[in-house]
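Asker: Below are the chains, spelled out letter by letter.
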Amino acid sequence: MDGIIDFQSVSKRYNNTAVFGSLSLVLKPGVITGVVGESGSGKSTLLQLINGLVRPDFGLIKVFGQPIPSENLPIFRRRIGYAVQGTGLFPHLRAERNIGLMGKVEGWNPEKTESRIEQLMLLMGLNLRLRTRYPHQLSGGQQQRVGICRAMLLKPEILLLDEPFSGADPPTRVAIHERFLDLMVAEPATVVLVTHDMQEALRLSSELVIIREGKVLQMGSAKEVVNNPNDEYVEKLLGNTTHAP
Amino acid sequence: MPLKRMFFVVLALLVTSKAIAQTDVINVGSKTFTESYVLAEIMAQLLEINDYKVTRRFGFAGTLISFRALRNGEIDVYPEYTGTINEVILESQRTLNLAELSAALAPIELDLLSPLGFNNTYALTVKKSLAERLQLEKISDLTQYPILRFGLSHEFRDRADGWSGLKDIYALPQSSSGIEHGLAYQALLMDEIDVTDAYSTDAELLHYDLVILQDDLGYFPSYLALPLARQDMNANAKEILTLLTDRIDANIMQSLNAQVIIDGKTFSEVASEFLFEQNLSRTVHSDSRDLWPSLVRNTLTHLKLTGIAVLAACIIGLTLALAVYRSKPLSRILLYTAGLLQTIPSIALLALMIPLAGVGQLPAIIALFLYSLLPITRNAITALTTIDPLIQQVAQALGLSTRQQLRYVYLPLSLPHLLSGIRIAAVVSIGTATLAAFIGAGGLGEPIVTGLALNNTGLILQGALPAALLALLTELTFEGIERGLVPPHLISSQSTS
Numbered sequence: 007m008d009g010i011i012d013f014q015s016v017s018k019r020y021n022n023t024a025v026f027g028s029l030s031l032v033l034k035p036g037v038i039t040g041v042v043g044e045s046g047s048g049k050s051t052l053l054q055l056i057n058g059l060v061r062p063d064f065g066l067i068k069v070f071g072q073p074i075p076s077e078n079l080p081i082f083r084r085r086i087g088y089a090v091q092g093t094g095l096f097p098h099l100r101a102e103r104n105i106g107l108m109g110k111v112e113g114w115n116p117e118k119t120e121s122r123i124e125q126l127m128l129l130m131g132l133n134l135r136l137r138t139r140y141p142h143q144l145s146g147g148q149q150q151r152v153g154i155c156r157a158m159l160l161k162p163e164i165l166l167l168d169e170p171f172s173g174a175d176p177p178t179r180v181a182i183h184e185r186f187l188d189l190m191v192a193e194p195a196t197v198v199l200v201t202h203d204m205q206e207a208l209r210l211s212s213e214l215v216i217i218r219e220g221k222v223l224q225m226g227s228a229k230e231v232v233n234n235p236n237d238e239y240v241e242k243l244l245g246n247t248t249h250a251p
Numbered sequence: 394m395p396l397k398r399m400f401f402v403v404l405a406l407l408v409t410s411k412a413i414a415q416t417d418v419i420n421v422g423s424k425t426f427t428e429s430y431v432l433a434e435i436m437a438q439l440l441e442i443n444d445y446k447v448t449r450r451f452g453f454a455g456t457l458i459s460f461r462a463l464r465n466g467e468i469d470v471y472p473e474y475t476g477t478i479n480e481v482i483l484e485s486q487r488t489l490n491l492a493e494l495s496a497a498l499a500p501i502e503l504d505l506l507s508p509l510g511f512n513n514t515y516a517l518t519v520k521k522s523l524a525e526r527l528q529l530e531k532i533s534d535l536t537q538y539p540i541l542r543f544g545l546s547h548e549f550r551d552r553a554d555g556w557s558g559l560k561d562i563y564a565l566p567q568s569s570s571g572i573e574h575g576l577a578y579q580a581l582l583m584d585e586i587d588v589t590d591a592y593s594t595d596a597e598l599l600h601y602d603l604v605i606l607q608d609d610l611g612y613f614p615s616y617l618a619l620p621l622a623r624q625d626m627n628a629n630a631k632e633i634l635t636l637l638t639d640r641i642d643a644n645i646m647q648s649l650n651a652q653v654i655i656d657g658k659t660f661s662e663v664a665s666e667f668l669f670e671q672n673l674s675r676t677v678h679s680d681s682r683d684l685w686p687s688l689v690r691n692t693l694t695h696l697k698l699t700g701i702a703v704l705a706a707c708i709i710g711l712t713l714a715l716a717v718y719r720s721k722p723l724s725r726i727l728l729y730t731a732g733l734l735q736t737i738p739s740i741a742l743l744a745l746m747i748p749l750a751g752v753g754q755l756p757a758i759i760a761l762f763l764y765s766l767l768p769i770t771r772n773a774i775t776a777l778t779t780i781d782p783l784i785q786q787v788a789q790a791l792g793l794s795t796r797q798q799l800r801y802v803y804l805p806l807s808l809p810h811l812l813s814g815i816r817i818a819a820v821v822s823i824g825t826a827t828l829a830a831f832i833g834a835g836g837l838g839e840p841i842v843t844g845l846a847l848n849n850t851g852l853i854l855q856g857a858l859p860a861a862l863l864a865l866l867t868e869l870t871f872e873g874i875e876r877g878l879v880p881p882h883l884i885s886s887q888s889t890s
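Residue numbers (the numbering used here), protein chains in the order written: chain W, 7 to 251; chain L, 394 to 890.
Heads up, some of the hints might be wrong.
Unchecked claim - Example chain W residues on the side facing chain L (calculated, C-beta under 8 Å, incomplete):
#, residue
1, Tyr-20
2, Asn-57
3, Arg-84
4, Val-90
5, Gly-94
6, Phe-96
7, Pro-97
8, Leu-107
To be verified - Some but not every residue of chain W turned toward chain L, in silico, with C-beta under 10 Å:
#, residue
9, Ile-81
10, Gly-87
11, Gln-91
12, Val-111
13, Glu-112
14, Trp-114
15, Leu-134
16, Leu-136
17, His-142
18, Gln-143
Since the hints were derived computationally from the structure, they do not count as laboratory data.
The C-beta atom is built at its ideal place from N, Cα and C for all residues, glycine as well.
Using the sequences plus the hints, can you model the full thing?
Answerer: Structure, rendered in structure tokens:
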């Protein structure tokens, strides 16, 4: 079962600029992998390659042990949760409808959707009376929790997170991290967490991938990377965190 | 889908009901001025007295539209003038006599019935008192009085067959000044001018006690009034209309016009009294002038015209918008085409519809439909293409199919824009539909058109006020719909056109 997500010599260009030259990496199932890099390093594209929003120019990407299908992508994507920076919450839907939309689409009965929404909101520490608020009536941190609840509704095997905590202020952020880790204990998934914040990556992930300008500088367990940074850039990224609590 | 089907069923009903009507009923038409209405009403009532069913399709805007309606079989007969047939319809270089006109109309399957008895042409008129004092009877009498002041309408001064030719042929020594026709009678009365031009059957001649000077050199072309009919019109019905031959001389026509314009009687009353006096009918029916039934009928027709047109534009416009919005070039082509249609003046578009769809409600609905397309498609495409890319990305990433993205994300987010597009289309259509009366579609434009012909403000308001009210109600209804369907925070920012 090694390699729930498997990139084999993947290259991708946008407007003649290479995002990835020839990227190969295998992500371990059932753990949180932090993908750390600065903006423009290609880390968001990495996520979109996994759920088929972006297609590689060359190379092969296997997810769940199979190449990404070219048909029935919606069905494939429902096995993969997705939450992004700036939340991407649907502004016309109340919090509960944002979270529960995919249940409706999947044909769940309303009671099932209802109880699943409540379960997730409680797990993420959201007060249930917020359920009828529209996204713009929620704080940045609340919006992010709703975004994660929405991504988790269908109990996905893979969860893709693109800077999902960056909209909250630092104390709130730590609180959300705790909640998120609890959620992952309750409902384990293979998580790919993209972030520019090494501190966040270290707090949440057991595996790390450090990328810069489309190239993997180092990957391995968090401990390994912290103890043996193999590149100056990695050392620099870690620099801020070695003395962190 | 059921809506689309309903639309076609309604269209089919409209078309077939018209086809059936053509075989059973005599359709009488008129143009949009008093005399035409009065004559058409006289013809209609005479046919009814003789047990024919009549549909009145009055108020066609101008000769070409009336003529087209006749050729297309939308109407069977309407009152026309020989001079107009000669110049506008046949575009003849010289003046044809009655026999020549009949011969020229035969190949296009039209019949001239016999003249009604008057010649409605240009004429010179003076106050009766002045005529008596100077013993003026003929135009040539004017040459003896170079001091007389001529105040002539601008059109008459400009026309080739107007002032300049008249002055030459009669060798008139006077010069003329231009004056607005509507003010000329007043100026005559106040003795500011002595002579002006008029139509020989103008109601005002009688009202202001004016006399017409005889055209003794036969300068003015003749405009004999007569029914112009289709050859295939029921022969017995045509026979009945010939009962009117030579019954209406210029004085009678002046008086009939005056009864409408000055005494404020309805066409129906005037026609009925005339037929009674001429022993063509045994009773006079007084017109009750019921406001409400006609108001309700006109409003319903108006709603039907705009409702069907806007509904069709919604279905087809939204379908088109959904089909093309992902492609920029196709969206552009669609919007440019719809925009181009919008630039055609409404009355011209209505007239253009006649060769394609005849006269009546169908061409009006098609024209209104074409006008409604632009606001609906433009707003739909704008809304669909300006959705936040992040939202689009998430909708896809969550695993919504294309159809589900549309249903749960794109359409609800576009709703304020869509609704305002439909609202604009509906309000504009309600206004434009008043013009549809010019091509015989009925609706609230009908009293407006008639009122314009009669210079009757009350009648104009009977169409204009309900139309304005309808537009206002439509605005409010859409506001209500929007408030019901769109979360409040999405309304204020997007609901402008």
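Asker: All hints are to be evaluated individually against the structure, with a verdict given for each.
Answerer: Checked hints:
no. : hint    : in the structure
1   : Tyr-20  : violated, 14 Å
2   : Asn-57  : holds, 6 Å
3   : Arg-84  : holds, 4 Å
4   : Val-90  : holds, 6 Å
5   : Gly-94  : holds, 4 Å
6   : Phe-96  : holds, 6 Å
7   : Pro-97  : holds, 7 Å
8   : Leu-107 : holds, 6 Å
9   : Ile-81  : holds, 7 Å
10  : Gly-87  : holds, 8 Å
11  : Gln-91  : holds, 9 Å
12  : Val-111 : holds, 6 Å
13  : Glu-112 : holds, 9 Å
14  : Trp-114 : violated, 14 Å
15  : Leu-134 : violated, 20 Å
16  : Leu-136 : violated, 16 Å
17  : His-142 : holds, 6 Å
18  : Gln-143 : holds, 8 Å
When each numbered hint is compared with the structure, violations occur for hints 1, 14, 15, 16.
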